[in-house]
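Input sequences plus hints: build the corresponding full structure.
Residue numbers (the UniProt record's numbering), protein chains in the order written: chain A, 1 to 133; chain B, 1 to 294.
Note that these hints are calculated values from the structure, not bench results.
Among the hints, erroneous ones may be present.
To be verified - Calculated cross-link-like contacts (lysine to any residue; reagent style SDA-like; alpha-carbon spacing at most 20 Å):
1) A:K108 x B:Q277
2) B:K37 x B:T95
3) A:K108 x B:W167
4) B:K261 x B:G209
5) B:K273 x A:S116
6) B:K223 x A:L93
To be verified - Computed far set for chain A versus chain B, every beta-carbon distance over 10 Å:
7) L7
8) T16
9) R61
10) D74
11) E132
C-beta atoms are modelled at their ideal positions from N, C-alpha and C, and glycine is treated no differently.
Okay, here's what each chain looks like letter by letter:
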Amino acid sequence: MERISILRMGRILIVTIQVDMHDQIAMALQDDLTARIVETGARGVLIDISSLEVVDSFIGRILGNIATMSRVLDAQTVVVGMQPAVAITLVELGMSLPGIRTALNLEKGMALLQASIEADEAAIEVSDAILEE
Amino acid sequence: MLSTRIHDILKNHTSELQSEWLAAMANSGARRDALMKEGELREQCAEFLRLLSQATQQGGTTDINSSLFTPVRELLERLSRSRSLQGFTPTETATFIFSFKLPLFSALRREWSREPQVLADELWSATLLLDRLGLFTTEVHQKTREEVIHRQQQEMMELSTPVVQLWDRIVALPLIGTLDSGRTQTVMETLLQRIVETSAEIAILDITGVPTVDTLTAQHLIKTVTATRLMGAECVISGIRPQIAQTIVHLGVDLSGVVTKSSLAGAFSWALKRLNQSVNTSPGLARTATASKG
Chain A
1 MERISILRMG
11 RILIVTIQVD
21 MHDQIAMALQ
31 DDLTARIVET
41 GARGVLIDIS
51 SLEVVDSFIG
61 RILGNIATMS
71 RVLDAQTVVV
81 GMQPAVAITL
91 VELGMSLPGI
101 RTALNLEKGM
111 ALLQASIEAD
121 EAAIEVSDAI
131 LEE
Chain B
1 MLSTRIHDIL
11 KNHTSELQSE
21 WLAAMANSGA
31 RRDALMKEGE
41 LREQCAEFLR
51 LLSQATQQGG
61 TTDINSSLFT
71 PVRELLERLS
81 RSRSLQGFTP
91 TETATFIFSF
101 KLPLFSALRR
111 EWSREPQVLA
121 DELWSATLLL
131 DRLGLFTTEV
141 HQKTREEVIH
151 RQQQEMMELS
161 TPVVQLWDRI
171 VALPLIGTLD
181 SGRTQTVMET
191 LLQRIVETSA
201 EIAILDITGV
211 PTVDTLTAQH
221 LIKTVTATRL
231 MGAECVISGI
241 RPQIAQTIVH
251 LGVDLSGVVT
261 KSSLAGAFSW
271 ALKRLNQSVN
281 TSPGLARTAT
291 ASKG
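Listed below in structure tokens is the structure:
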């Protein structure tokens, strides 16, 4: 069966969806991605859907699920490159995907992820310092 | 056979029919010499007679939708389409066909005056045929008009949603007029499209020119904001007038997840701050604005 490849770049996992998302592929992606987050200890997940032209409510839900699962596994998710038509469809379906962060393209998404991972770590350092005092 | 008689008349008396027809058209006032040259009309008449004669050569005269009549229909379609665009009225367009009744009927009468039975039958089938063709021209005329109106509507819709780039990564869409669902759809589509094209991070939706906001409009606005967010940009709604603010609160529309500003200027300065940009105006260079990336 077709699978979507997951690339690792430092602490970030990159997924680019370039095939039509069948339900099965989406389920497989969900499995693979959660496994890879645990395996690599990734802190961020970047999903590029710029070549995705059609979505249904199921795919929308899967995206939401992936974001929630990643958060539970201590990784942040950013979805990038959503096409206007896809955004309109999701909104018309009543799915505003409140848990998902978005960016216009891969570059901006990467910057967003890097910044928020760094902010996270800085916060941890600060709290460590407070504890030490 | 009924049809062949009309066909015979069409075939044998072509030139008489044509000149009588032109005369009849001149009498009925359907000729608009300012809009159409006489030579052109003569050619059209000749072609119509030729094609009609071909069509009636074999088979019935009643079914103008049959394949035999395809060339005739095509000619009439072309005719009424161009007339519609030239500004002829539907009556004038249809009179092209209806004024042919007189010459055809007199030709039939000349030929069959000794056999009233046959004459009556022939007249009836000729009337049916010409009525149908006439109605067909009216229909095409109407359809052409509708196409024009539709196109104009489309153009107005596109003209009324100008997405302007205010700054690097900031676009604005000033909305003017009433927002119905069709228009909001276009608004949403153009805005999102422009966000992709300009890779803008902030979109300002200015509704200063929108007189009233009802629940449906508010809902559409919220949808647009959500869609923008899904694409990875932020959307601010600005230009909310006092009455509209009151209406929104009275209607119980929840705008808590949406950034709103009272003026476009407010939204713009919010956007600049958000992008860590600033505009410096010094006394000597009052008109020069410079941006510095923070």
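These are the hints, each one checked on the structure:
The suggested pairing of A:K108 with B:Q277 holds, with an alpha-carbon distance near 17 Å, which does not exceed 20 Å. Annotation: proposed proximity of B:K37 to B:T95 holds, straight-line Cα distance about 17 Å (limit 20 Å). This hinted pair checks out: A:K108 and B:W167 have alpha carbons roughly 18 Å apart, not beyond 20 Å. A threshold of 20 Å between alpha carbons decides the hint, and for B:K261 with B:G209 the separation of about 15 Å falls inside it, so the pair holds.
Of the supplied pair hints, the one linking B:K273 and A:S116 holds, its CA atoms being roughly 19 Å apart against a limit of 20 Å. Proximity of B:K223 to A:L93 is assessed by CA-CA distance (about 10 Å); at most 20 Å being required, the pair is judged to hold. The Cβ of A:L7 lies farther than 10 Å from every Cβ of chain B, with a closest approach of about 20 Å, so its non-interface assignment holds. Remark: the non-interface label on A:T16 is consistent with the geometry, its nearest Cβ contact in chain B lying 15 Å away (cut-off 10 Å).
At the 10 Å boundary, the C-beta of A:R61 stays outside the reach of chain B, the nearest C-beta of that chain being 14 Å off. Distance check on A:D74: its Cβ is at least 23 Å (rounded) from any Cβ of chain B, clearing the 10 Å threshold; non-interface status holds. Its beta-carbon lying about 32 Å from the closest one in chain B, A:E132 satisfies the requirement of being farther than 10 Å from that chain.
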